[in-house]
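*Asks:* Given these sequences and hints, build the entire structure.
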Amino acid sequence: MIRFVPRERTPAWLTAAVSVGAAFAALMLTAVALAISGAPIFAAFALMAEGAAGSGFALAETLTRATPLIFTGLAAAVAFRARLWNIGAEGQLYAGALAAVAIGSGAIAAPPAVLVPLVLLGAALAGAALLLVPVLFKMRFGADEVVVTLLTNFIVLLFVQMMLEGPMKDDMALGWPQSSPMLDEATLPKLVEGLRLHAGLVLALVVAVVLHVVLSRTVWGFRIRAVGENARAARYAGLPVGLAMALVGAISGGLAGLAGASEVAGLKGYLTSDLSPGFGYAGIVVATLANLSPLGVVPAAIFVAGVFVGADSMSRAIGVSSYLADLVVALALLSVLVGGLLTRFRLVLVRREAA
Amino acid sequence: MEHDHRPLVLSLSGITKRFGPLTANDAIDLDVRAGEIVALLGENGAGKTTLMSILFGHYVADEGSIHVADAQGLLAPLPGGSAQAALKAGIGMVHQHFALAENLTGFENIVLGTVPLWRLGLHSRTARAKVERLIDESGLQTDLDVPVGRLSVGEQQRVEIIKALYRDVRVLILDEPTAVLTPQEAEGLFATVRLLAARGLAVIFISHKLHEVLALCERVVVLRAGAKVADRPSAGTDRASLAELMVGRPMPVRQRAASTPGNAVLRLVDVDVGRSGERDRLQRASLEVREGEIVGIAGVSGNGQGALAALVAGLAAPVAGTVEIAWQKVRGADPAGRIAAGVGRIPEDRHRDGTIGALSVAENFVLETVAAHQNQRGGFLRRAAIRARAKAAIRAYDVRCPGPDAAIRALSGGNMQKVVLARVLESGPRLILAHQPTRGLDIGATIDVHRRLLAAKARGAGVLLISEDLDELFALADRIAVMHAGEVSDALDAATLDVRTVGLMMAGHRAGEAA
Amino acid sequence: MWAALDILLQANFWAAAIRIGTPLIFGVLGALLCERAGVLNLGIEGIFVAGAMSGWLAVYLGAPLWGGVAVAALTGAGFGLLHGLLTVPLGLSQHVTGIGITLLATSVTYFGYRVAFPNVSTPPRIEAFPPLDVPVLGDLPFIGPILAQQSAFTVLAFVCVGLVAFVLARTPLGLALRAVGDNPEAVEAQGLSVVMLRIGAVMAGSALMALGGAFLTLSAFNAFYFGMINGRGWVCIALTVFASWRPGKALAGALLFGALDAYQLRIQTIAGGTVPSQVFLMLPYIFSIAALVLVARRADYPRALMKPYFKGLR
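Top to bottom, those sequences are chains A, B and C. Counting along the first sequence from 1, when you hit position 65 you're at 65 in the numbering used here, and nothing is skipped either side. Counting along the second sequence from 1, when you hit position 31 you're at 31 in the numbering used here, and nothing is skipped either side. Counting along the third sequence from 1, when you hit position 79 you're at 79 in the numbering used here, and nothing is skipped either side.
Some hints could be false.
[What the hints assert, rightly or not] Derived contacts from chain B toward chain A, CB cut-off under 8 Å, selection only: (1) 335; (2) 336; (3) 347; (4) 352; (5) 355; (6) 356; (7) 357; (8) 363; (9) 370; (10) 371; (11) 379; (12) 380; (13) 381.
[Said to hold, decoys possible] Derived CB-CB ranges, DEER-like: (14) B/119 with A/274: 51 to 57 Å; (15) A/242 with C/244: 23 to 29 Å; (16) A/218 with B/395: 25 to 31 Å.
Read the hints as simulated data drawn from the structure, not as lab findings. Glycine is no exception: its CB is placed at the ideal position from the N, C-alpha and C atoms.
*Replies:* Right, dumping it as structure tokens:
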């Protein structure tokens, strides 16, 4: 029989090793699925690796895909740290994208130095506002935020479709439900000529570092951690629990909103209702893989993005469904959860005999 | 000891249990005979609970063996690690924290697990008859058909005991059963236990209250630091020698410093807290705590102490009446405001309310003052300054820990409480709320907490001490008030009160009637 | 205005209400079984998907309809076993594990579907459960047409409500399940296994959830579509709170929800053109949130819900 003995301290290498080990375990388990489906396992993995990082172009694609995942991963990490179960990053992403388009596709004419920050700010505010509603419901009525944020995702997506078929529809788009394009002044600059990589990545990296500093070095970061670890004791100690929770909600929703703005203003140039192939949900996986550390979110997002980009390319080459990527990601999440036990406990073998 | 003719029902030999470097039980032998009431005495952490958990199958012993008499009276080995086996062998345990499902009725709790799970009905009629017969025989009256959550603590305990008797136990373990009872209720429990023992039930009575052990038990087994240090008949022994055995050194004689109280730092006039229908609430409570005195609040828990503590700590707002803290009227529920007004708060549950387990000792030390200028500059934590002051506090309060950066959850209860005390006392509070400040601490840590509270009083702070431990109240308090059903009695000079009077007041009698 | 009220008098409307409510009956029953034992199962959305696909696939491959139902239930129980193992003995976060189960069940299902049907554009169809042919009752006015649009699978949902209600209220097993969701120590102290009870409840509950999915592919429709679950699982989690974890109220809540959904579909055709259709499609989700917010304050959550229990840690 195995007993869990709590650890007093977790070495940093172990946390990292568990994340890497979980990613590896997920790939191994996926191999089983591949084998069952009759696909060539090694060829499929090799093609995935090549598609994700086999060339400068592939790497740039992976980083492009990682950009929204860093934002949604940070959104989940900061919320989960405070035990705010925001599963609504998908909806907040769309709210941000909608705000970005509303501001950046012609409503305001201004030079890029004004318009780009305005677009980003608007998107962040929209995402924040969307999450503050469930936070309010939770604090005011005790309504579980998991269900509310989940259901809100569906409402927001329907709202986006409604706007795209109605007031925000681009009449030049030949009947396709899509928004008017972003103005050039509202577009995030490309990082390298000829690649899709855009300034959203730089912004995401800066935000990750800032969030790390805020959480570990500032009074409000301290309050957020305290509230997350033990809200009762935080309230007893006179910390502003409600404000801290609202702040976390605003930050988390805002980050998810930025993911939407970054996709619209940096990559697509306009909004469609299939902007996100589940970036919001994948953000939960990213945050968990990163053990909720803002800096850890960056490599975790790059890994998950690599899996998606690699699987797409593999799928095109040998026809194995790209849903394989979702499988890898789901298995990685469960593996890292199980692996996380190793960071919190030491496993001790106990003899089980008659006493 | 002369030869005992009663048959042996339980025999533990050489039980050893280690948790890492800690030896919780060290080669313990224990024999119990039918009809015998044996006390298992020891401080918190002496190994009583571990030993009983092994007996009851929650833990598996590293060494040693357990034998239990079967129906024919023959000793048979008990397989470890299985509560099911212990139950089957006729061992029953009434836990300190009741193992009752509050959404089930008393009857449902009693029959839970006694019928094969896949059976279709609950076979109530025969079961019902047996439960009612047991109630008649033992006198353990309780309502069987309301959800247990609605019963009083005393009634819940009765359900727990019937639950054990229903399984035809031959050995009944009572773990700190009087902690939640008034002295009078405890007397009733003792009568029942004596009755059951007279019918041949063997009882193991776990306690750290010496007078109860001497009053009830015929034999006393003392554990200290995991080892058995005494096993003797209780006739011919006394409190002082048992205490010494328990602690391992003579007990220091406490003396109360004379008090010269000043102005009232806490004044309640006709205060209501909570809604009617809630069990833990305050009703027209009036109370004064003055500078330089300790006012003790006695009472069975759940009679409004929680509401009083919440009010003073700032978690609850008064619904009616006036509350003054440090000469300022208080209206809202505002923990930060109370702290600013000079209230130092020691919560009842240090794990739940007092500390944040995942944060470090230093972070917990500055939990209440993180926004103060000495801890931050421009919103950024002054981490070096915080660590330095935490280090100083660790030294001053003798906190045993790896350092200021260690997660506080790794600390023992006593050391955790020292961090809470350091946080409270460093701010130089005018009023100290100490809610069960020594619960679960060993004697060393308890003495330390008492010393600090007395020192704070000598410095001029007013102390509101809420405790279920009458010994503690009589040792520390200058005046004692009793809470019952949300009402607070007048606070009377502790020197004029005795345990019997306070006990009657705890059961709802007025001071006049009681005296 | 009259048109809006007239809907309530149409047998068609009530038939639709039951048809839409039936998968939710299964889902809410499943969720309440898990939660009564103390385990939140957010795998529900994915288990719906997996149940819908596996049940349908079994029938497509030649199994009888009830065989498909059994396959769906077993699939659900399998994911329930995984969720149970991770959250009960290992004590992992029920929130995150549940989301993980949903992601896993959904991706396995979609991947499996693509493996089985690499190149189909229109989803293959099966012969679904036929409408009920009830003697006597079927000939009644109003009631008859409503019944004629239901299938034996619908009857199974109503039977399950009774069964779960009976087990919870009247059997030793139900007693133990209710107890383990309130105070696992009480169960352990009576010699029962907390781990076995909880895992068993999660498996049974997940099997019911999977039946909710299978109802869609074996009775309501006759094919499997991507995205066909579309949040139905999450709705069930909200309705479980609304139903205060009681089977009878679960039935009422699911049917009420079905009626609201059927009503908005009909209003949509009346008001179509003036109001965008998305507004109506949002309504069920808004109802669910409103229901949750309304009852949350008073909700009597199982005391041990989401609290992992470790033997010997007291």
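*Asks:* Now look at each hint and say whether the structure bears it out.
*Replies:* The hints, checked one at a time:
no., hint, verdict
1, 335, "4 Å, holds"
2, 336, "3 Å, holds"
3, 347, "6 Å, holds"
4, 352, "6 Å, holds"
5, 355, "6 Å, holds"
6, 356, "4 Å, holds"
7, 357, "7 Å, holds"
8, 363, "7 Å, holds"
9, 370, "6 Å, holds"
10, 371, "6 Å, holds"
11, 379, "5 Å, holds"
12, 380, "5 Å, holds"
13, 381, "6 Å, holds"
14, B/119 with A/274: 51 to 57 Å, "54 Å, holds"
15, A/242 with C/244: 23 to 29 Å, "27 Å, holds"
16, A/218 with B/395: 25 to 31 Å, "28 Å, holds"
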